[in-house]
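Residue numbers (the working numbering), protein chains in the order written: chain A, 6 to 270; chain B, 10 to 327.
I should point out that these hints are in silico values taken from the structure, not numbers from a laboratory.
Careful: at least some of the hints might be erroneous.
Result set (SDA-like, lysine to any residue): computed pairs, CA atoms no more than 25 Å apart in a straight line [stated by the list, open to error]:
id	chain 1	residue 1	chain 2	residue 2
1	B	Lys219	A	Tyr214
2	A	Lys144	B	Lys111
3	A	Lys188	B	Asp177
4	B	Lys113	A	Lys114
5	A	Lys188	B	Asn144
6	B	Lys111	A	Tyr240
7	A	Lys128	B	Asn154
8	A	Lys150	B	Asp114
9	B	Lys163	A	Asn138
10	A	Lys114	B	Asp177
11	B	Lys149	A	Pro235
12	B	Lys219	A	Pro202
13	A	Lys144	B	Asp114
14	B	Lys219	A	Leu203
15	A	Lys150	B	Lys163
16	B	Lys162	A	Thr139
17	A	Lys144	A	Met123
18	A	Lys144	B	Asn152
19	B	Lys124	A	Gly217
20	A	Lys150	A	Pro161
21	A	Lys236	B	Lys219
22	A	Lys114	A	Lys150
23	A	Lys144	A	Leu218
24	B	Lys162	B	Asp114
25	A	Lys204	B	Met222
26	A	Lys150	B	Gly155
27	A	Lys144	B	Lys162
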Amino acid sequence: MSGHRLSVVPRDACDTPLSSLPQARAETEGHSDKEKSILFFLRSPLLRAGLRRSGNEGMRRLTARLKVDALTRIKSLILSSLLLSTAVVAAEQKKSGPPVNANAAIGAKFEQNVADYMKLRQKALSGLSVPKNTETPSKITEFQKQLSDSIRTLRPQAKQGDIFTPEVAGLFQHLVTGAMRSKDGALIRTSFQRAEPLKGGHLEVNAAYPDGLPLQSMPPSLLLNLPRLPKELEYRFVGRELILRDTQSNLIVDVIPDLTMTQKK
Amino acid sequence: MSRRILAIVAVVVLGCGLVSLRPPSQLAAIFAHAPQAVASAPAPVDVKLPLEDKSVRFAVIGDNGTGDTPQYEVAAEMEAYRKVVGYDFVTMMGDNIYGSHKPKDIERKFEAPYKPLLDAGVKFYACLGNHDDSNETLYKPFNMNGQHYYSFKKGDLQFFVLDSNYMDSRQLDWIQNQLSGSTAKWKIAYFHHPLYSDGRFHGPDLDLRKRLMPIFTKYGMNVVLSGHDHVYERFKPEEGIYFFLVGNSGQLRYHNLRQGSNIMAAGFDTDCTFMLVEISGDKLYFQTISRTGQTVDSGLLQRQPKPQTPIQAQEPVH
Chain A
6 MSGHRLSVVP RDACDTPLSS LPQARAETEG HSDKEKSILF FLRSPLLRAG LRRSGNEGMR
66 RLTARLKVDA LTRIKSLILS SLLLSTAVVA AEQKKSGPPV NANAAIGAKF EQNVADYMKL
126 RQKALSGLSV PKNTETPSKI TEFQKQLSDS IRTLRPQAKQ GDIFTPEVAG LFQHLVTGAM
186 RSKDGALIRT SFQRAEPLKG GHLEVNAAYP DGLPLQSMPP SLLLNLPRLP KELEYRFVGR
246 ELILRDTQSN LIVDVIPDLT MTQKK
Chain B
10 MSRRILAIVA VVVLGCGLVS LRPPSQLAAI FAHAPQAVAS APAPVDVKLP LEDKSVRFAV
70 IGDNGTGDTP QYEVAAEMEA YRKVVGYDFV TMMGDNIYGS HKPKDIERKF EAPYKPLLDA
130 GVKFYACLGN HDDSNETLYK PFNMNGQHYY SFKKGDLQFF VLDSNYMDSR QLDWIQNQLS
190 GSTAKWKIAY FHHPLYSDGR FHGPDLDLRK RLMPIFTKYG MNVVLSGHDH VYERFKPEEG
250 IYFFLVGNSG QLRYHNLRQG SNIMAAGFDT DCTFMLVEIS GDKLYFQTIS RTGQTVDSGL
310 LQRQPKPQTP IQAQEPVH
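With the rest of the complex left out, here is chain A (with noise of 0.2 Å):
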């Protein structure tokens, strides 16, 4: 489309009714010279006075073929903008990142794994009471303990890699780097910045998200670049890893070590 330019033929622009003329007019910019001729016939104020005079069908119908002709023309030009354009954004996504119908499987395999956490999650709480609207801190400090404690009990072989696998944590790469590329991206490291960042140290599966130590907010054009969690999981950002943490027992459910959020060359 670059280039053309449309607009509206001024009402006073001649005498002859808008139905007859064309609606829009493209700039002769980007045309080739056919096209410029045509255009130029089609706006010339010699053919509007003849049509005006004569009202001769011939003349009436030559322009309309000539007018189907140009149009047909820059339809084919957008439709060929459209395929390059489509082509080029196809090459860059080979170039960053899996194709979307992996990336769909990866995610679903993701979900996956959520889903299994969940299961074992809901059999850790059940036969826990969650102290709800309690007075009494200590019963807080207490449930938490017993969930973390059941959690690692039906987990005790887990590991980093367990729920974002190698090819997860790859697409969450991609994810990232896509949201700080977008028109976001700025937004999305200056609301870093000023959140509180957290210096790295490193995390551990299973073990307890640190007493005392804040949590990273995580900017929300960001979240919306990630799949979507049950409630009672979040993402949180240490340094460069994006842990999984499970809120209520604050447990560290998965890490991925090594996320950078700047651009990828």
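Keeping the supplied structure of chain A fixed, place chain B upon it in accordance with the hints.
Chain B alone, transformed into the frame defined by chain A:
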């Protein structure tokens, strides 16, 4: 002997000279936090609110849960004002408990400083800051009912309490649904991270602003309160909405407000504060009080009709 007297005089003169080199505002900050200030008699309660019949009155605190002396002193002022103003709930802008969250911390950083208020039946409605633990939602005195974000009503007012640490699509959908169904005369949102701030340490969260402002303006949010930057600031209306930042009810960052801001209506960054609000009909009265009982800002805001009208407020005291 005379040499010793001369030496003492010299030390005193030198000390006075050094102190006088500091800018007056810094001196105020030094003396405000000197230990003797704790012992000095508190300023008499000077209520600027009209205390109208059937009005809704509440206090606002933010970034308070340090367990340190300034938090206790602000809490003491809050209690002194409560006795006169009679507010019955407090909105908390997050960072309710800093550092460790063991039971003894909850006691030292919340229950002890606000004991007189809790004993008088004052309710606290908390939101989560970046220093808070998710399980604070289970703690009854915070009235969160296990939710990270929630809503509650008081008379003509509806409050929308958000979790700005984690503004995901679920929460964005929730706030949109809540606001679209709200018939409250006054809609007030509060959450930890500010959409507007002249605090130099953090500043505004622009990504959060991009996501929330279209919803707030679409559904006619009246007032937005937040914390995070450890200062007090009131803003000129932004897209017709009144914004306040109260992030110094326990923490404080001296002289952290950016100078020459064109969005600030009033600011205070040399001591801790809390804010009182009274809403009666279409009028919102506010009064911000420092740790030492000084009124640092007060005024009246008119509920925004369509199109919204500008703020009418008294000159702040700096």
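These are the hints, each one checked on the structure:
no.	hint	in the structure
1	B:Lys219 - A:Tyr214	violated, 30 Å
2	A:Lys144 - B:Lys111	holds, 11 Å
3	A:Lys188 - B:Asp177	holds, 18 Å
4	B:Lys113 - A:Lys114	violated, 43 Å
5	A:Lys188 - B:Asn144	violated, 35 Å
6	B:Lys111 - A:Tyr240	holds, 24 Å
7	A:Lys128 - B:Asn154	holds, 23 Å
8	A:Lys150 - B:Asp114	holds, 17 Å
9	B:Lys163 - A:Asn138	holds, 20 Å
10	A:Lys114 - B:Asp177	holds, 21 Å
11	B:Lys149 - A:Pro235	holds, 24 Å
12	B:Lys219 - A:Pro202	holds, 20 Å
13	A:Lys144 - B:Asp114	holds, 14 Å
14	B:Lys219 - A:Leu203	holds, 24 Å
15	A:Lys150 - B:Lys163	violated, 36 Å
16	B:Lys162 - A:Thr139	holds, 22 Å
17	A:Lys144 - A:Met123	holds, 23 Å
18	A:Lys144 - B:Asn152	holds, 16 Å
19	B:Lys124 - A:Gly217	holds, 24 Å
20	A:Lys150 - A:Pro161	holds, 16 Å
21	A:Lys236 - B:Lys219	holds, 23 Å
22	A:Lys114 - A:Lys150	violated, 30 Å
23	A:Lys144 - A:Leu218	holds, 21 Å
24	B:Lys162 - B:Asp114	violated, 30 Å
25	A:Lys204 - B:Met222	violated, 30 Å
26	A:Lys150 - B:Gly155	holds, 17 Å
27	A:Lys144 - B:Lys162	violated, 29 Å
Of the numbered hints listed earlier, those contradicted by the structure are 1, 4, 5, 15, 22, 24, 25 and 27.
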